[in-house]
Amino acid sequence: MSITETKAAEIKAKLQERENHIRESWVKAMEARLVRDELEKCQQGEGVNHYENCKWLSEKYLNMLKDNKVRISISPRRATSWIALKVQGYKRIQLD
48 MSITETKAAE
58 IKAKLQEREN
68 HIRESWVKAM
78 EARLVRDELE
88 KCQQGEGVNH
98 YENCKWLSEK
108 YLNMLKDNKV
118 RISISPRRAT
128 SWIALKVQGY
138 KRIQLD
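Just so we're aligned, residue 48 is where the sequence shown starts under this note's numbering, counting upward by one.
Source of the hints: derived by calculation from the structure; they are not laboratory data.
Check the hints yourself; a few may be wrong.
What the hints assert, rightly or not - The list that follows gives simulated cross-link-like pairs (lysine-lysine, DSSO-like), each with its CA atoms no further than 27 angstroms apart:
#, residue 1, residue 2
1, Lys102, Lys75
2, Lys54, Lys75
3, Lys102, Lys113
4, Lys75, Lys59
Computed from a prediction, not measured in an experiment: that's the story for all the values here.
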């Protein structure tokens, strides 16, 4: 194998690994969405007793939110422009 073939194989493996990671993180995010939907149904169906009867679903959803975040890497150059866009959207309020 030449150097270019080895490098191409490494790049291909890295891209496949990245794709698998993204796929798994999205699957986990969609699982969290399904649990959220079930929690909303439970809360609406149970009425005032939803604190007791849907507690296990809310705890499961909170744990999934902590663990199943979709992480996207942003280059430093894009991060500064993204932060600037986010800051522009906020309204300044004086509390004096």
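Structure-based check of all given hints:
no., hint, in the structure
1, Lys102 <-> Lys75, "21 angstroms, holds"
2, Lys54 <-> Lys75, "32 angstroms, violated"
3, Lys102 <-> Lys113, "17 angstroms, holds"
4, Lys75 <-> Lys59, "25 angstroms, holds"
Hint compliance for this structure: hint 2 alone is broken.
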